[in-house]
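Chemist: Here is how the chains run, residue by residue.
Number of protein chains: 2
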Amino acid sequence: MTVHSKYIYPFGGSAPKPTVDPSKQIVGGKGLGLQVMSKIGVDVPPGFTLTTTLCPIYAKENDLPAEVWKGVRDNVRRIEVDMEKEFGSMSMPGMMDTVLNIGLNDVTVDGLAKATGNERFAWDSYRRLLDMYGEVVLGIPHEDFEKRFDKVKEAAGAANDVDLGVEELKTLCNEYKQVYVEQGKEFPMDPYKQLYACVKAVFGSWMTPRAVKYREINNIKNLIGTATNIQTMVFGNMGDDSGTGVAFSRNPSTGENVMYGEYLINAQGEDVVAGIRTPQPISQMKEVLPAAYAKFLENVEKLEVYFKDMQDVEFTVEKGKLWMLQCRNGKRTGVAAIKIAIDLVNEGKCTQSEALLKVEPRHVEQLLHPTFSADALKSDAYTKGIVAKGLPGSPGAAVGKLVFTPKQAEEEKANGASVILVRETTSPEDVGGMWAAAGILTARGGMTSHAAVVARGWGKPCVCGCSDIVVSEENQTVLVKDTNEVFKAGDVISINGATGEVIRNVIPVETPGLKGGLETLLGWADQEEGVMKVLANADSGPDATQAAENGAMGIGLCRTEHMFFNPERLPIVRRWIFHTECLDDLDHIKHFQRSDFKDLFVAMNGKHVTIRLLDPPLHEFLPRPEQVHEKVAEELGFGKDVPRMLARIESMHEENPMLGLRGCRLGIVKPEFTQMQVEAIMSAAADFMEECPDTAKVHPRIMIPLIGSIKEYKNQALLIKQEAERIKAERKLDIPYEIGTMIEVPRAALVSDKIASLVDDEDGKPLCSFFSYGTNDLTQMTMGISRDDSNGFIPKYLEMGIFEDDPFQTIDEEGVGYMVNHSANLGKRINPNISLSVCGEHGGDPKSIEFFDSLGLNYVSCSPYRVPVARLAAGQIRVKRRMEAAERRAAHPHGVADKARDLGLAVVHKIEEMIHQ
Amino acid sequence: MTVHSKYIYPFGGSAPKPTVDPSKQIVGGKGLGLQVMSKIGVDVPPGFTLTTTLCPIYAKENDLPAEVWKGVRDNVRRIEVDMEKEFGSMSMPGMMDTVLNIGLNDVTVDGLAKATGNERFAWDSYRRLLDMYGEVVLGIPHEDFEKRFDKVKEAAGAANDVDLGVEELKTLCNEYKQVYVEQGKEFPMDPYKQLYACVKAVFGSWMTPRAVKYREINNIKNLIGTATNIQTMVFGNMGDDSGTGVAFSRNPSTGENVMYGEYLINAQGEDVVAGIRTPQPISQMKEVLPAAYAKFLENVEKLEVYFKDMQDVEFTVEKGKLWMLQCRNGKRTGVAAIKIAIDLVNEGKCTQSEALLKVEPRHVEQLLHPTFSADALKSDAYTKGIVAKGLPGSPGAAVGKLVFTPKQAEEEKANGASVILVRETTSPEDVGGMWAAAGILTARGGMTSHAAVVARGWGKPCVCGCSDIVVSEENQTVLVKDTNEVFKAGDVISINGATGEVIRNVIPVETPGLKGGLETLLGWADQEEGVMKVLANADSGPDATQAAENGAMGIGLCRTEHMFFNPERLPIVRRWIFHTECLDDLDHIKHFQRSDFKDLFVAMNGKHVTIRLLDPPLHEFLPRPEQVHEKVAEELGFGKDVPRMLARIESMHEENPMLGLRGCRLGIVKPEFTQMQVEAIMSAAADFMEECPDTAKVHPRIMIPLIGSIKEYKNQALLIKQEAERIKAERKLDIPYEIGTMIEVPRAALVSDKIASLVDDEDGKPLCSFFSYGTNDLTQMTMGISRDDSNGFIPKYLEMGIFEDDPFQTIDEEGVGYMVNHSANLGKRINPNISLSVCGEHGGDPKSIEFFDSLGLNYVSCSPYRVPVARLAAGQIRVKRRMEAAERRAAHPHGVADKARDLGLAVVHKIEEMIHQ
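For the protein sequence lines, the chains are A and B, in the order given.
So that you can map any letter, position 849 of the first sequence is 849 in my numbering, and since no number is skipped, the others follow by simple counting.
So that you can map any letter, position 760 of the second sequence is 760 in my numbering, and since no number is skipped, the others follow by simple counting.
Incorrect hints may have been included.
Put simply, identical chains are the same to the list, so a pair is met inside one copy or across any two.
Stated by the list, open to error - BS3-like, lysine-lysine: derived pairs with alpha carbons at most 27 Å apart:
#1 Lys213 to Lys765
#2 Lys213 to Lys200
#3 Lys796 to Lys670
#4 Lys213 to Lys24
#5 Lys200 to Lys185
#6 Lys714 to Lys213
#7 Lys389 to Lys670
#8 Lys153 to Lys170
#9 Lys732 to Lys721
#10 Lys754 to Lys670
#11 Lys481 to Lys670
#12 Lys796 to Lys714
#13 Lys488 to Lys384
#14 Lys796 to Lys754
#15 Lys308 to Lys880
#16 Lys711 to Lys732
#17 Lys17 to Lys721
#18 Lys481 to Lys640
#19 Lys847 to Lys711
#20 Lys765 to Lys60
#21 Lys847 to Lys24
FYI, nobody ran anything at the bench for these hints, they're computed from the structure.
Excised from the complex, chain A in its bound form (with noise of 0.2 Å):
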């Protein structure tokens, strides 16, 4: 009698132990777990699983192969062997829906009765069957078992299910088959019959048009199909050596490493969920079923040790025996991941890299932000304060006094309160106010829109684009649209950013903390074997000692122009916007340049600290027309005229500033700022260096942006070289500093080879030693879509599918990934030891690192709130490759498959080179 074919998998009793665990894409999560605990001898009620590999088949013949239906069969007398029952009731998980107590009819139904003393158990199981059967694979509308139930219910009086007795339940059954009639359907009494419509109902349902939209939808792709478990039951409910339970392994909240979980004597699984008797801690167990507690144990360390992880399982106990329904690896809280991570190490259950997989990126950012609690969440004051729902622009939680103006924000926060900025939009004139508050709401923008990208990068919870509401920065008020009503200066609210919800009420705010394990398991993710490094996007000295403290290996990207929004400085960034011909002006700006670079270099002593010259264009720092009054045209160098000025604004405005006179356009056209820029940078590197001659280890980068000629950057590269050789020679001090550029105009990255050829004609030394990819500008570019304005369509993209992610926060691999990887290997074919690296957002997206690390960049560069996350990412990548080439090695053990893969590559390179010469 053949059990194990390619199809049929077999479970528990006397099924064969697998040699080699079968593949989960082959039997399922569910398949595999029951496998495994066959094979390591922990009991389940014995079964088999029909692999997924028959859903194509079925989808194709509308029926199993003969050699399927009789491995069928086969295997349920070999179950009926092994339980020594006779094939009565099974159960059927499938894709979505399980069949309960297959193989019941109108004559196992009395067996089943008397051999478990129990009648109203069997017809209520009966009663059951007929439902679900009907439902499932017939396809009656559930609402006309509910109807007759009701009907029964009436008549007798009962207000509940369990109030319904033997006789009561008979008729039901009764009822349900006249439902059978009316529908012109039949229930077989064959048990066989019913199990071979089971299993033709799960594999048809993998493709009903409902199923394929449901898959294609959710993106779910890569499944061969759906598998079929078939398996045998087993009652708890068979008196008081009996009962079922839930557990984890170990604490999911807190990670501790004690059994969590519940149990009920006497009862079966659904009693547990239903409620209808309250459970009792899984340690009390110990008590009452001594003998089961103590297998229980011990199965559950097996367990443990064979997945190397923190399990959650289900088990029943009937009459005194064990069995073990599911097992599967337990969720947990952020917390909770990292405790388990660390303790798994420890108690050498896996290895330190085994243990990076087992943290996700949204544990680490659980322990980042301060989040509501999981109870807060349940919380009424939560779920009914919920006013109004606008997009999750920077997950984490909020509460605070509601303000209006940026100026209010810092005032309040003066005063030690705590406030929620609420803006229509938010724009760089708003960063103070945006900095001072706990949290920010806007009712205009998307996920990419100004306040959010700034907010992501603090770390600061943001609802934006709530369109639900109306924000009156006149009358301070903000309306709720369809409730009317209205919040007031000075209102507690509360925002949660990684739902978008916003609530009237206070909500209670926690913030588990940076430091302790997640240090300890990140520094693990940096050890790993030719891991991408980690790098921050920081403006400032108090952005760059954040982001050393969580770990930056320095500076990837310092916008220089972020310092010029501080209201002392605007003024004379301004005056020299409007009289570019001012000298003055422009040294005042290399003086506050200087002294902020400074603070770069002190926080990062020893990294590297890029920095990128003037980006934004200029009319981004002018005051708005509304702002502009005889005072400030005074100021501003204008007199008292303000129409002259407000002409001059005017004549500034562009079409286009993403595609306007920005970058090292304005470098160009203005070289003096290019200058200055350089003398700020190498007179500060200069002067810590003085000041700490033993410890100042200085590495200046500087990174000229929005470059798309070779031209361009041979322009600024040798005007930049020119002005920091001059300050090294002045001070006499030998400077290490490095000219590279920002890659995020398209065109650029079709000429990298060009710019990475680069030389000074004076020396002959290469001019561009590295690139770093401006993954946000690029994808505007290269996608033609304004960040700023994509919230007219992004949203029904995703909502359609025809993006399937917002290809500003997961890189378009297709697309801008092609980009990417083009520029880069043009750059490594001139010069194999280009630095390559990103400074976009993608920078802190696992699944983008993910792509990064596939091209081989050195590094990515993110916000410093974003750092431990990429850390974890870029380590686990690591970790996924190296498990990755074992298998294929394991697989093609000579290694002919890996060897011909890189001669394939190599020609293919090879032949590439002679394209492009």
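Using the hints provided, position chain B relative to the given structure of chain A.
Modeler: Just chain B, lined up with the frame of chain A:
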């Protein structure tokens, strides 16, 4: 005595005749003329050319090879024998300078005096040599000589050069020698030393930083170096049997086939130019020097036959003997170019293909646009009337009354007046007035601003970005900044769109017209084998008619939204934008679109009509805030609620509309608009087919704009197909239609193979039959440059040489061109028959057309007025390619190189295929 070597090409006298013409690359333009004249038996003063290939040698060695110096001496001796003169004086025209009279010294000056019987002439020649040698060879400042000259003239009381006698000239020569002494330099008395030094000076000048920079700035490339010609002097001032002249073999203004030129008896070339004596018409030479004139006519005919083109020649008659000094193809006007080209074919002097190459795109432009006549351009009214200078937005000349609003323009035009519309900048709403104006002048906006683009599309003169003026619409004045001159409404001005000049006077204009010779010539261009087709961008019936008259083979781009600005339609469009749920308005739009589309089908009967679905962001159609008042608000469905309407307008504002909610994104978010447009297109086609069942042949091609990903394309293509098939079925007509896309987003270029692969899942048929490269937007996105805002740096970039051309005029081959090529290859790999074309501004630019031809595109589409230029350019490039191939075959007669190249390409394509699979 060897006189010919690879570095020395002798000509004239006993010089050996070359069997193959030397390359212009090797002997320079002047050298080639001398070589050819020598070869075909036209007498030239004997001499020799030192080749350009000596330039790099000289640059390296700072000297010429000894064999060359020997060759120089050998050739001088050969000339001495030929001319029966001793090395006395010679001319040596170099790259930029000529040193005349080499060989004169304190001794030979007397010999020359005797030989010519003119002592004053000899000393004047010597004086000139001292000056030119000092300046060109030794770098002595010219003003040093000038000062001495003034001193001598003052002493002699002479007002002018010619007033100096022999003695004063002798004194001057001594003064000049003093200059040498003061500068510590020496004037060599040895004629050979003079010659050697001059040769070295010429070759040395090639690599001076100034010359290198000059070539870099002026984008002079692919030159090996300068050639040097050394030639014996002949003198036209040796009496009444001598003379000199310049002539064109045909009239360069009209093209008429009569000799056109001037001569002077007993004079030197300089005298003709200097205007001291009035030259005589060349025809009169027949009376005075009949033998020389007959010889001259014979020579010129020989040269015309040889060069197959009209000649511009210089000659000298020395004592009755005619010497030809120089010949080259003559410059000519557009009218002349066309007439000459056609006459040459009719006379059997060249083929139709060769004739094509004799007409330049600017010649065709001259014929298509009104221009100021050559005389007018030289008149005081013009030259002294220039009040300001802007950018040459659209070529042509216009004269008219100043108006400040589109409305005024339309009114004045209705009254029969010619007007110039002056605006700070134009916007789509101004098009009515722009159309009514004879010319457009704007104070802001670059070569690709709205005003310039629209004007070029219509062939209407435009001066844009004229920052010299301040336009006040309120005061109805134009203020010229520098002079404070003020022009008021109604004042008449002229503008020159070819130069950007604004002139205060009425300058006469002329338009040579479109028909006649030009049509013949373009007909020849169209017949060139493998020539790219030229289609037109046309948005309305009149546009389409104009395009057809100019020879467009169809419509390559109809921007349907251009029809929305009609004053009767705009309110309807606006109402729909504000209330998209209102289907009545949509129906109304469909109604007028359907009628417009029918006009296009009628005008282009039998040809392709490519219609792009709605492309610009909707807010482009909305009124500006200052235009909103109660009446407008009411008309547009806001009651009288102005604030609400303003809020709606504000809410539709986009930061970067170029990259916002537009193109297919609109069609996806508002599918009803796509459906409406498809219904209008297909219904219009059906209407025409029903009206003219026997003659109507429609071929609509529906083009989806701004595609970035395949899912966007599939969404819209299926919608279009569904709607088109519905109309076909309803109307019971087989309307052949195609669906394709504009490739304008860089990402679309990267996934073009995937777009070309898309099929309708229902019937398995391909969904995309054409790509049209929208190179305007593709340039904007690939280079990251908004053309509306490019004025802030592109002029500076062009000036600095960072850009060689304005990328919005001439395609950026390295960047944007790479994307087009990449996409075209991907598309053809999937579908070798896919139609590939360009419909951006570049489609009308000859240099860009050459590039597109090299990519194998099927057609270019440009504005109706550019169609003739594009047809010419497309034909020319085919002729050039054929000639190049013939040259290659001649050089490698067995065609091995061609075959090797083809084989190589085939291998590369195969490899590319493998890489991409």
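Chemist: Which earlier hints can't be squared with this structure?
Modeler: Violated: hints 16, 17.
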